[in-house]
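Chains P and R supply the protein sequences, listed in that same order.
Just so you know, we're using the numbering used here here: the first sequence kicks off at 329 and counts up by one.
Just so you know, we're using the numbering used here here: the second sequence kicks off at 492 and counts up by one.
Treat the hints with care, as some may be off.
Stated by the list, open to error - Coverage of chain R stretches by chain P, computed from C-beta distances (three or more under 8 Å per stretch; other residues unrestricted):
id : segment
1  : 602-608
2  : 641-654
To be verified - Facing chain P, according to a computed beta carbon distance under 8 Å, are these residues of chain R, among others:
id : residue
3  : ILE498
4  : VAL500
5  : GLY501
6  : ALA595
7  : SER596
8  : GLY599
9  : THR615
10 : PHE676
11 : ARG678
Hints listed in this document are in silico derivations from the structure and should not be mistaken for laboratory results.
All residues carry an ideal CB built from backbone N, CA and C; glycine is no exception.
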Amino acid sequence: MTTGTERDDLGTIASVVLGAVVGLILAVPALPRGGEVLVAGTSLTQAETVLVFGALAIVALPVVALLLSALIE
Amino acid sequence: MVSFGGIAVGVVVAGAALTAALLVLEGPDVDHGTVMGAGPWMVVAGLLHVLGTAGNYPQAFRPSVALPVSVLLVFLLGTVVWIIARQFAVVRNIAPRSGRYLAASGTGAVAVVFAVLLVLAAPTPDELLWLVTTPVAAAVVAAVGVLSLGIMDPTGLARTRWVGWLVTFGFTALGTTITVGIDVFGRPTTAATRPFVAVGASLPTADVAVAWPLAFVACLLGILMVSAVARVIEEDTSAGLVVAVTLAAGTLTPAVALLATVTLR
Numbered sequence: 329m330t331t332g333t334e335r336d337d338l339g340t341i342a343s344v345v346l347g348a349v350v351g352l353i354l355a356v357p358a359l360p361r362g363g364e365v366l367v368a369g370t371s372l373t374q375a376e377t378v379l380v381f382g383a384l385a386i387v388a389l390p391v392v393a394l395l396l397s398a399l400i401e
Numbered sequence: 492m493v494s495f496g497g498i499a500v501g502v503v504v505a506g507a508a509l510t511a512a513l514l515v516l517e518g519p520d521v522d523h524g525t526v527m528g529a530g531p532w533m534v535v536a537g538l539l540h541v542l543g544t545a546g547n548y549p550q551a552f553r554p555s556v557a558l559p560v561s562v563l564l565v566f567l568l569g570t571v572v573w574i575i576a577r578q579f580a581v582v583r584n585i586a587p588r589s590g591r592y593l594a595a596s597g598t599g600a601v602a603v604v605f606a607v608l609l610v611l612a613a614p615t616p617d618e619l620l621w622l623v624t625t626p627v628a629a630a631v632v633a634a635v636g637v638l639s640l641g642i643m644d645p646t647g648l649a650r651t652r653w654v655g656w657l658v659t660f661g662f663t664a665l666g667t668t669i670t671v672g673i674d675v676f677g678r679p680t681t682a683a684t685r686p687f688v689a690v691g692a693s694l695p696t697a698d699v700a701v702a703w704p705l706a707f708v709a710c711l712l713g714i715l716m717v718s719a720v721a722r723v724i725e726e727d728t729s730a731g732l733v734v735a736v737t738l739a740a741g742t743l744t745p746a747v748a749l750l751a752t753v754t755l756r
């Protein structure tokens, strides 16, 4: 039996991260191969690009998740 | 001989059909929030289509990320993520919040896919401006449209609530995007858009824009659809919400794909 709750921040953040992982899986293959992605003038390999986007997702998306928690339901 | 791309599309279609069948069998609690939560995933499907044409996907995968298959792919993946998030709530002894998990996971996916698209497209400030302002304008027009439905059909508005706005937004976003494409980016008219442009050209506003009647009619069509969805919800709430999410996906996803294609040339 489950108990009702008004908020589930952990579940919301986990959902955002899970969605971001799916987004990475879908979008990263579209990036150019051979280090054509530039960050601050430095070209990145595909693996480095994945890490950059992954790190951005982990840092930025929980903030979005908290905003969503406040807005939805 | 069947190509690898054809096999990949077949797997996506079969997976989506299996997912739909499992959803029907399981019958999870679906409410207005669930439909709203599917919104970000519709955007993902549209952006994937653009990535498929602008990106560097291996040739074999391109058909799987092109419309309309991208809608099925996103439906498949979004449902899997949704089910995982719901089960994660259950193991923590929390009543699952369907709409919130779906919206949150979709937002995470949109953020990453959109960021990758921006890296690939490297838009100019002007392009970025239209990319942002077009959906905002459509959202405002759709809100005004749905609220006006409340004057003519208050019961319909009460039954559909935010879902009504989402459906109207899908139609309005498609009309607004086509309008921006013609009036701002000089896209050619088609047989379907030409009558609206002709009407717009005969109006005093022709100096500013000629295709806006298309966005207006699209919004009206969206409002009519919301009224119809409200009737279905009156009979069967789940069926009405399925109709609503289908209508929203059928308009919002191509609107996103078209907007990104038009603005990120």
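- Query: Can you name, in rising order, the numbers of the hints this structure does not satisfy?
  - Reply: Violated: hints 2, 3, 4, 5, 9, 10 and 11.
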